[in-house]
Amino acid sequence: MNTSTLVIEKKRSKKTTRIKGSDAVLQCLIAEGVTTIFGYPGGAIMPIYDALFNYQDKLNHILTRHEQGAVHAAQGMARVTGKAGVCFATSGPGATNLITGIADAQIDSTPLVCITGQVPSHLLGTDAFQETDVMGISMPVTKWNYQVTRAEEIPYAIARAFYIANTGRPGPVLIDITKDAQFAEFDFAYDKCEKIRSYHPYPEALQSDLEAAANLINDAQKPYILVGQGVQLSGAENELMIFAEKTGIPMAATLMGLSGIPTSHPLYVGYLGMHGNYGPNIKTNECDVLIAIGMRFDDRVTGDLDRYAKQAKVIHIEIDPSEIDKNVKTTVAINSDAKQALLGLIPLVNVSTHKDWIDEFHQCDKIEFDKVIDAELYPNSGEIKMAEVINRISEVTDGAAIVITDVGQHQMVANRYYKFRKSLSCITSGGLGTMGFALPAAMGAKVGQPERTVIAVIGDGGFQMTIQELGTIRQSDLAVKILILNNNFLGMVRQWQQLFFEKRYSFTELDNPDFQMITKGYGIKAQKVEKREDLDQAIFDWLNCEGPALLEVVVEHEGNVFPMVPSGASVAEIRLD
Amino acid sequence: MSLELKYTSSTPREFTLSVLTEDKSGLINQLTIIFTKRKININSLNVSVTEVKGVSRFTIVIETSKDMIDNIVKQIRKLIDVLGAFVYEEDQIFYQEIALYKVPKYAIVDGKSVEDLVSKSGARILVVETDYMIIEKTGKARETHDLYQKLEPFGLLEFIRSGRVAISKSTRKTEAYIKELEASNSNKLSIKDF
Numbered sequence: 063m064n065t066s067t068l069v070i071e072k073k074r075s076k077k078t079t080r081i082k083g084s085d086a087v088l089q090c091l092i093a094e095g096v097t098t099i100f101g102y103p104g105g106a107i108m109p110i111y112d113a114l115f116n117y118q119d120k121l122n123h124i125l126t127r128h129e130q131g132a133v134h135a136a137q138g139m140a141r142v143t144g145k146a147g148v149c150f151a152t153s154g155p156g157a158t159n160l161i162t163g164i165a166d167a168q169i170d171s172t173p174l175v176c177i178t179g180q181v182p183s184h185l186l187g188t189d190a191f192q193e194t195d196v197m198g199i200s201m202p203v204t205k206w207n208y209q210v211t212r213a214e215e216i217p218y219a220i221a222r223a224f225y226i227a228n229t230g231r232p233g234p235v236l237i238d239i240t241k242d243a244q245f246a247e248f249d250f251a252y253d254k255c256e257k258i259r260s261y262h263p264y265p266e267a268l269q270s271d272l273e274a275a276a277n278l279i280n281d282a283q284k285p286y287i288l289v290g291q292g293v294q295l296s297g298a299e300n301e302l303m304i305f306a307e308k309t310g311i312p313m314a315a316t317l318m319g320l321s322g323i324p325t326s327h328p329l330y331v332g333y334l335g336m337h338g339n340y341g342p343n344i345k346t347n348e349c350d351v352l353i354a355i356g357m358r359f360d361d362r363v364t365g366d367l368d369r370y371a372k373q374a375k376v377i378h379i380e381i382d383p384s385e386i387d388k389n390v391k392t393t394v395a396i397n398s399d400a401k402q403a404l405l406g407l408i409p410l411v412n413v414s415t416h417k418d419w420i421d422e423f424h425q426c427d428k429i430e431f432d433k434v435i436d437a438e439l440y441p442n443s444g445e446i447k448m449a450e451v452i453n454r455i456s457e458v459t460d461g462a463a464i465v466i467t468d469v470g471q472h473q474m475v476a477n478r479y480y481k482f483r484k485s486l487s488c489i490t491s492g493g494l495g496t497m498g499f500a501l502p503a504a505m506g507a508k509v510g511q512p513e514r515t516v517i518a519v520i521g522d523g524g525f526q527m528t529i530q531e532l533g534t535i536r537q538s539d540l541a542v543k544i545l546i547l548n549n550n551f552l553g554m555v556r557q558w559q560q561l562f563f564e565k566r567y568s569f570t571e572l573d574n575p576d577f578q579m580i581t582k583g584y585g586i587k588a589q590k591v592e593k594r595e596d597l598d599q600a601i602f603d604w605l606n607c608e609g610p611a612l613l614e615v616v617v618e619h620e621g622n623v624f625p626m627v628p629s630g631a632s633v634a635e636i637r638l639d
Numbered sequence: 020m021s022l023e024l025k026y027t028s029s030t031p032r033e034f035t036l037s038v039l040t041e042d043k044s045g046l047i048n049q050l051t052i053i054f055t056k057r058k059i060n061i062n063s064l065n066v067s068v069t070e071v072k073g074v075s076r077f078t079i080v081i082e083t084s085k086d087m088i089d090n091i092v093k094q095i096r097k098l099i100d101v102l103g104a105f106v107y108e109e110d111q112i113f114y115q116e117i118a119l120y121k122v123p124k125y126a127i128v129d130g131k132s133v134e135d136l137v138s139k140s141g142a143r144i145l146v147v148e149t150d151y152m153i154i155e156k157t158g159k160a161r162e163t164h165d166l167y168q169k170l171e172p173f174g175l176l177e178f179i180r181s182g183r184v185a186i187s188k189s190t191r192k193t194e195a196y197i198k199e200l201e202a203s204n205s206n207k208l209s210i211k212d213f
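So the sequence lines, in the order shown, correspond to chains S and W. Counting from 63, one number per residue, gives the positions in the first sequence under the working numbering. Counting from 20, one number per residue, gives the positions in the second sequence under the working numbering.
The set of hints was computed from the structure by calculation and includes no laboratory data. Here a beta-carbon is modelled for each residue, glycine too, at the ideal position from N, C-alpha and C. Check the hints yourself; a few may be wrong.
To spell it out: a stretch of chain S is covered by chain W in this simulated footprint if at least three of its residues, at any positions, have a beta carbon under 8 angstroms from a beta carbon of chain W; those stretches are [what the hints assert, rightly or not]:
{"#": "1", "region": "196-205"}
{"#": "2", "region": "257-267"}
Some chain S residues flagged as far from chain W (calculated, every beta-carbon gap over 12 angstroms) [as the list claims (entries may be wrong)]:
{"#": "3", "residue": "Y225"}
{"#": "4", "residue": "P383"}
{"#": "5", "residue": "S384"}
{"#": "6", "residue": "E385"}
{"#": "7", "residue": "I386"}
{"#": "8", "residue": "L572"}
{"#": "9", "residue": "A631"}
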């Protein structure tokens, strides 16, 4: 359609200073409160890196070993701080290497501002060196993207980028800046973006919807709360607690919702989904009112939608209207963020208890404990189980660590058995399932929360997808604690092959390198545990040493994660073995 | 037995989408991604200016289910630079397409000339060149297709048809909608009936 150029809105009040586009980028970031940038330089972003040389006292730049590391680190930082993470990459391969992380952030609603260099504007569309259409490539996986071809557009683009990334349902934004726009001088002034007429990030809950929901809740015999990431994204942890304690309703969390409620809370009944707890899955198909808060009924949570909670009246609290009625038809939809909805509901709901109903969950817990958990946590002999390692770490850290998981069996186990005490502590690649996420994301989490213990739990497969970030951890001295649960298999795929593909272990066994030697080669402390009796001491030493450290635990070669809702099955068909 | 058609929410049928956007580059790409992601083919697409400066209108015709169109329209509204998106069924809009036909000048079929046919079809002759003439007809797809079939025996040289342009039967002005949107803090979903 049109190619009309941007109309730069008239500067409101501020006086301007004449600076280069590259300086303007950095001044905009400082104005937005950015302290850390993860990135990797290259030809088309060199003017910005040159300017960065003068801003080292204000902006901490962490040089990663791959652009994917930079974007995952920015995600990790965003997830533990609640503010947009920032990363830099050059054009072409630099930009395309960001895409996996951007797609991950999009599906998991993580705010990011990614800034890429681009070939000079007069070369756009000529297949110039390191030119790629990053606008076209990133469009399906960003909340918004924008290409800057004139320095004057930089303040506008960056102000919008932060506003869009951070507000409403958060998401990743990409700003592509041509090299000539970085070099050009212009009259700079910065105004934060406060409103976009075509973007209304905070829909207000309708009183009629709140009342209808409250009536359903007050009449319910077996109400059930599903907690999604929206609770943490909107900072509604306290409101959720007040709401649940007033109504006495049991709560379960999705993978992304974990740590939004302390695991030990008496109304918390467990973790939902494919490898979640037994009771929370089974009871979904027995409750009479389902209250879904800031979650999106992902297929890993619902199993077969045609047999999902059909008996229940569904209340869906959701900020993004496009998620409402997408997978599960609602009885009452409350279109607002979780915090506003809960604040509106609290005065409308009656004080109640649901003791018999909660007891039903506890009976399920007993079944799950006897059939699965006991043997996982307290084996007397045989190979070390992933679950007992996580359980020991959970005890030693008293549930206060930030746990970043990669993708696969160890992810499910870590999130099943770590007992979270604090919010924004379960950082994982949920929607996209990106192997290689944890190591770089842990770097970002450590930068975002330097006082807290940050533990990256990774399998031997995923570790080798971003293993080079050990170099970043060393150079930037990021005190990340790395746990490798090594079963010499791509364990989750192997489990599926065992259960659903007649044990045809097609390309899932790994002949691994010596992770100890590699880690030590990077200058990071490393130790390996192969015997159960050495585990406690090793965990203690690993967590208590100064700086980054890696603990490799050789675990059960062919262990399986149960319970399991097989793909396409109903949540009620969850298997315990 | 009644032959009345019963539509369910999953029966495919034709919908016209009217999308108001900021006049910015890249929007057509953002819109088509929503369709290609779901492997839905666009039957027709028209982009035009509106009576409000800086606001464009996309008119998109697709065949899909009610469930899917509800999902799609929400995804479209979610795009940052989309001001509004509205779904219409045939009885809610007036719409037209324009077709151009290039035919040889002196062709005669069954003793009739092209001119005879044109005058009876509500079409008009747009251009007459040495060897051919161009006929223009405005109407619904079935009407322009009907003329296409009649012209085919004359040795039709070229045929082209525009995307649908549609105007809703609502009385609200575009400008009033934009003003309402600017004043509202609610989301784009809550402004209906346009």
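Now the hints, each set against the structure:
Counting residues of the region 196-205 of chain S whose beta-carbon sits less than 8 angstroms from any beta-carbon of chain W gives 5, enough to reach three: the coverage restraint holds. Counting residues of the region 257-267 of chain S whose beta carbon lies closer than 8 angstroms to any beta carbon of chain W gives 8, which reaches the threshold of three, so the coverage claim holds. Distance check for S/Y225 against chain W: the nearest CB is about 10 angstroms away, which does not clear 12 angstroms, and the non-interface claim fails. In this structure S/P383 is not separated from chain W by more than 12 angstroms, as the shortest Cβ-Cβ distance comes to only about 5 angstroms.
Against chain W, the non-interface label of S/S384 is violated: not every CB pair exceeds 12 angstroms, the least being about 4 angstroms. The claim that S/E385 is not at the interface with chain W is violated, since a C-beta of that chain comes within 12 angstroms of its own (minimum 8 angstroms). At roughly 8 angstroms, the least C-beta separation between S/I386 and chain W is not larger than 12 angstroms, which violates its mark as non-interface. With a least beta-carbon separation of about 34 angstroms from chain W, S/L572 lies farther than 12 angstroms from that chain, consistent with its non-interface assignment.
The Cβ of S/A631 sits about 23 angstroms from the closest Cβ of chain W, beyond the 12 angstroms cut-off, so the non-interface label holds.
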